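Novice: If you read the protein sequences in the order shown, they are chains A and B.
End of the first sequence = 434 in my numbering, gap-free, step of one.
End of the second sequence = 1035 in my numbering, gap-free, step of one.
Note that these hints are calculated values from the structure, not bench results.
Bear in mind the structure is a predicted one, so any value in this text is a computation, not a measurement.
Beta carbons: idealized from backbone N, C-alpha and C, even for Gly.
There may be inaccurate statements among the hints.
Covered by chain A, per the in silico footprint, the following chain B stretches (three or more residues, Cβ under 8 angstroms) [as the list claims (entries may be wrong)]: (1) 1019-1025; (2) 1028-1034.
Restraint-style ranges between C-beta atoms, simulated for each label pair [to be verified]: (3) B:Arg1012 to A:Gly285: 36 to 44 angstroms; (4) A:His248 to B:Arg1012: 37 to 45 angstroms; (5) A:Arg210 to B:Leu1030: 53 to 61 angstroms; (6) B:Arg1012 to A:Pro310: 38 to 46 angstroms.
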Amino acid sequence: MKPLILILLYLAVVLAPLIGSASLGGPPRPLLQELATGLGILAFSMILVEFILSGRFKQVSNGIGMDVTMRFHQVMARAALVLALLHPLLYRGTPSGGPRPWDTTRQLTLTTDVPDLISGIAAYVLLPAFVLLAVGRKKLSYKYETWRLMHGLGALIIALLVLHHAISAGRYAGLPALTWLWIAMTGAAVGTLLYVYLVVPLLHKAQPWRVAAVTQLTPQQWEVTITPEGHEGLGYHAGQFVWLNLGHSPFSLHEHPFSIASAPAAAPNLSFMIKELGDFTRSIGQIAPGTPAQLAGPFGNLSVAGRREPGIALLAGGVGLAPLIGIYRQLRLTDDPRAVRLVYGNRTREQIAYREELTGDDVVLVLSEPPDDWQGETGVIDTTLIDRLFTQAEIDSWLFVICGPAVMMNGVENHLLARGTPSHRILTERFDYD
Amino acid sequence: MTNLLRRTNRHRRVMAAVWGVNAALALALLWFVLR
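Throw the hints in and build the complete structure from the sequences for me.
Specialist: Structure representation (structure tokens):
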């Protein structure tokens, strides 16, 4: 979907409870009370929409990019946390609770009885801890599966606590229509978890794959090829990625995002270029052919399909080659009339993957630590190299697709923008969001 | 924590969307309080 439509949808859903409360909730109370309540209402609906922004919904992330989706999720989570933390501080009530003589029908006040507030208090304590754990997840170095389970379960518990709190203690959410609205929204949010952890695995189970080959490409990089079992395979665009589960139950959380390195034209097999980096990828070489596999996807918007630029520049650093070689292969296999130039940077010659395939005139290999007999480019993919390899006309009119280390992507992207490449002609996608 | 989207063109666009959304939410909250 287009970004503007997504933003409008986001606002419509997040604001629905606030608008509903205003139109159904009777006369407003003093300003601070209303502000406190409004903050709580907004924070809750923002938290619920976070479930949809989890990056698991193609309808959301494939139009704008997974990195943008996740960044939006992260920033809005922080905003929701701030609103939620301010929410109870602005109420002026009797901390000891109990009925107030001037408000026997409780039209003017929220309850301050602890039993009615206990779910809210629990959520108030859990939410900051939950967000802090998410922000610091890299430093805390969880296994990816542990992190996913914890984040999903934590979100579920917080959503249910806040729902209980809103209905039991909220002035507006206690009204039947709004109670049902909150239940429906929370149900939809919880439903996304059920969808991701139950429905999607069931669908995957019906479309199994099997590892056909595991090949060592370089000392630290492997190629894993999988083949569909009893179905036609995956429809995707070159450059997209999938969540890959190798050898585990479809219901386990053992799945990881990998770019597809093979071309759709070479279907039905899929191959992935995987570098030994984390706890999972270090053991990739031990995976035996025949191992069952499942995948979810395709995801990502790093695709040149349907683009009208006369030429395509593929700028890859290290394992960032994976999606770009997929695009490169697709262009070659389909005799695409567009010009293409693949620039592939590494540190040493041993790190160059698919070397025997990358020999054409349209491939530029770059090494920062070249051996004495090196004939290709030396250095890193930086501004000087870009200026040498691409003419101003190419910089003005070509599509640039960049994947590699952050420092390379930032440098190249900023340089292209400075040289006049319009931002819609620069495609990037990052797998490290924080 | 290094945010890898920071200082890039994409990041600027995400943040423009975030600020736009937050501004709209703030306006809605103001309307709710002052209605």
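Novice: Evaluate each hint against the coordinates.
Specialist: Evaluated hints:
1. For the stretch 1019-1025 of chain B, the stated coverage by chain A holds: 5 residues have a C-beta nearer than 8 angstroms to a C-beta of that chain, and at least 3 were required.
2. Coverage of the stretch 1028-1034 of chain B by chain A holds in this model, with 6 residues showing a Cβ closer than 8 angstroms to a Cβ of that chain against a need of three.
3. Between B:Arg1012 and A:Gly285 the C-beta distance comes to about 40 angstroms, which sits within the given range of 36 to 44 angstroms.
4. Our hint of 37 to 45 angstroms for A:His248 and B:Arg1012 holds, since their Cβ atoms are close to 39 angstroms apart.
5. Restraint check, A:Arg210 to B:Leu1030: a C-beta distance of roughly 58 angstroms satisfies the suggested window 53 to 61 angstroms.
6. Between B:Arg1012 and A:Pro310, the C-beta spacing of about 27 angstroms breaks the proposed range 38 to 46 angstroms.
Comparing the model with each numbered hint stated earlier shows that hint 6 is the single one that does not hold.
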